[in-house]
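Chemist: Here is how the chains run, residue by residue.
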Amino acid sequence: MKKYSVFSLIKNAFNKHQDWDVAWRDPEPKKEYDAIIIGGGGHGLATAYYLAKEYEIKNIAILEKGWIGGGNIGRNTTILRSNYMHDANNLFYDHGMQMWKDLSQELNYNVMYSPRGILNLAHSDAQLNAYSRRGNSMRLNGIEASLLGREEVRKIIPFADFTDNARFPIFGGLMQSIGGTARHDAVAWGYARAADDLGVDIIQHCEVTGFDIVNGSVQGVQTSRGFIKTNKIGLCVAGSTSILAEKLNMSLPIESHVLQACVSEPVKPLLDGVVTFGAGHFYCSQSDKGEMVMGGDLDGYNSYAQRGNLPTIQHVLTEGVALFPNLSRLKMLRSWGGIMDMSMDGSPIIDKTHIEGVYLNCGWCYGGFKATPVSGLTFAHTIATGEPHKLNAPFKLDRFHTGHLIDEKGLGTKTWIS
Amino acid sequence: MLEIKCPYCGRRSQNEFSYGGDATVKRPKLNKDISDGEWDEFIYYRKNPRGIHLELWHHTSGCRQWFKVKRDTSTHEIVKTFMIEEESQ
Numbered sequence: 481m482k483k484y485s486v487f488s489l490i491k492n493a494f495n496k497h498q499d500w501d502v503a504w505r506d507p508e509p510k511k512e513y514d515a516i517i518i519g520g521g522g523h524g525l526a527t528a529y530y531l532a533k534e535y536e537i538k539n540i541a542i543l544e545k546g547w548i549g550g551g552n553i554g555r556n557t558t559i560l561r562s563n564y565m566h567d568a569n570n571l572f573y574d575h576g577m578q579m580w581k582d583l584s585q586e587l588n589y590n591v592m593y594s595p596r597g598i599l600n601l602a603h604s605d606a607q608l609n610a611y612s613r614r615g616n617s618m619r620l621n622g623i624e625a626s627l628l629g630r631e632e633v634r635k636i637i638p639f640a641d642f643t644d645n646a647r648f649p650i651f652g653g654l655m656q657s658i659g660g661t662a663r664h665d666a667v668a669w670g671y672a673r674a675a676d677d678l679g680v681d682i683i684q685h686c687e688v689t690g691f692d693i694v695n696g697s698v699q700g701v702q703t704s705r706g707f708i709k710t711n712k713i714g715l716c717v718a719g720s721t722s723i724l725a726e727k728l729n730m731s732l733p734i735e736s737h738v739l740q741a742c743v744s745e746p747v748k749p750l751l752d753g754v755v756t757f758g759a760g761h762f763y764c765s766q767s768d769k770g771e772m773v774m775g776g777d778l779d780g781y782n783s784y785a786q787r788g789n790l791p792t793i794q795h796v797l798t799e800g801v802a803l804f805p806n807l808s809r810l811k812m813l814r815s816w817g818g819i820m821d822m823s824m825d826g827s828p829i830i831d832k833t834h835i836e837g838v839y840l841n842c843g844w845c846y847g848g849f850k851a852t853p854v855s856g857l858t859f860a861h862t863i864a865t866g867e868p869h870k871l872n873a874p875f876k877l878d879r880f881h882t883g884h885l886i887d888e889k890g891l892g893t894k895t896w897i898s
Numbered sequence: 548m549l550e551i552k553c554p555y556c557g558r559r560s561q562n563e564f565s566y567g568g569d570a571t572v573k574r575p576k577l578n579k580d581i582s583d584g585e586w587d588e589f590i591y592y593r594k595n596p597r598g599i600h601l602e603l604w605h606h607t608s609g610c611r612q613w614f615k616v617k618r619d620t621s622t623h624e625i626v627k628t629f630m631i632e633e634e635s636q
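Sequences listed follow chains S and H, in order.
Sequential numbering from 481 applies to the first sequence in our numbering.
Sequential numbering from 548 applies to the second sequence in our numbering.
Don't read these hints as lab results, they were simulated from the structure.
One thing to keep in mind: the hints can contain errors.
Okay, the calculated bits of chain H under chain S, using three or more residues with CB under 8 Å as the criterion [said to hold, decoys possible]:
hint	region
1	555-568
2	610-622
3	625-636
Ideal Cβ placement from N, Cα and C applies to all residues, glycine included.
Isolated chain H (complex conformation):
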């Protein structure tokens, strides 16, 4: 079982969390011309690395905060977790 460290509540079992996917996806900026290609990127294209992946998780059955997790997709090892506004380096 994964043990995920919520930046607000500490280490909890994975049962309390839900997944939110690639944390690097950026919505195109509003109030400017947005190409179809930019919408495609935003809606359908994801980073899908074997290795370190930056992703969103939601502490659904806890504090209900969204936060970022740096996790290795080949081993499931969680390297670090970040608050949503934190620099994730």
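Pulled out of the complex, with its shape left as it was, chain S reads as follows:
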């Protein structure tokens, strides 16, 4: 791999950028691999990268049914944060936040990491109390958080509705100043390029159609491009997890739901960080191109369609306009949907399964993007050693049997209620 640098940029400028290497190869699948990762999204690419880099497994393939960057890694709203309450989530996601800091250097690819702060707004005294509890929980785990009053919030977002007749008056908010954004496509491309450089075969347009299981241990996978032998398989397929689990005769505590996001036409710099509305489900940031990037609720019914319906967009934007009245004058540029693997307690599952050599990474609900590096690292550890990393040890599959749930929001099993 030729290193990207200011010098390579200048050098290639003289050739009118005709001589850049391809970022990753397009290899034919080999007959056998030491490990196969199914799913070439962010988590799959990161898992393969850390397997090759940290755990010395070199003969790895990633099988992707579509193309790199076409799934949820290219469909999310790019937000990074670790503002959780439970220890398991706090420690896990914050390790991820530390990894984001150096990711561009680590991958030699600019992921446009931008720690511009995430602000959760409170619209009542009770909500501010709840945020103060969450902030304290974060600080006990060594994560910076600060509770802001109404006037401090006004300094950050003066264009929010601070009038006397605001439907949901702003009481204050919880700020995590190292929260922010990173460019989602660059994360996919950066991990793909770096994994390819370590010898990982990224095989696109290759669908897994079945598994060979003998005496409870995996021997290989059947794919649309033939049988491939392997003894270790990692599933990183987000919303499609239940489809592959069915081929393994496994039932999972997962429902697949469509989540939409949308962007407005680009405008001049307006919003610096990420802001979430506390009286409903709406969040907003501004991309480097100037588009307002917005998202909110699930559509609220099982779906694999990767597209949703307009009532949800209308509902989310109504909340947006209640918070930022000036949004009402913007035209929407586009909206899209992705399929979320909603787990029954809102937290992910990174674990081995009852089948020897089959490992599971799923249940990311709304929040998989920010976990991309740490999910890859801990899942690689789990696959390589057969035991969970201490950070993903709480995210076991059998917690739904033992009762050790990590229900951050206390919502229970009705994933479509938000």
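Knowing the structure of chain S, use the given hints to seat chain H on it.
Modeler: Just chain H now, kept in the frame of chain S:
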């Protein structure tokens, strides 16, 4: 927008309805020994097919009846709706 045919009120916009999830989940029978596994199944495990899904919907802003909907999760096409006690085949 989805248009859902309530078995009692006819076709209405999705805004009037709320979702109730997998309609095939069965509560374990009372007054007999129930294993932990049966409770797990009832509480946490769902059918999650890509394709035809039998699910519950509630006509929240209408007649307030629960009913069953057979819907394709890959296209959002609604194949048929049923009253709750109706055979859904």
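Chemist: All hints, please: hold or fail.
Modeler: Consistency of the hints with the structure:
1. Note: the region 555-568 of chain H has 6 residues with beta-carbon separation from chain S under 8 Å; the three-residue rule is met and the coverage holds.
2. A stretch counts as covered by a chain when three or more of its residues have a beta carbon under 8 Å from one of that chain; for the region 610-622 of chain H and chain S the count is 4, and the coverage holds.
3. Note: the region 625-636 of chain H has 0 residues with beta-carbon separation from chain S under 8 Å; the three-residue rule is not met and the coverage is violated.
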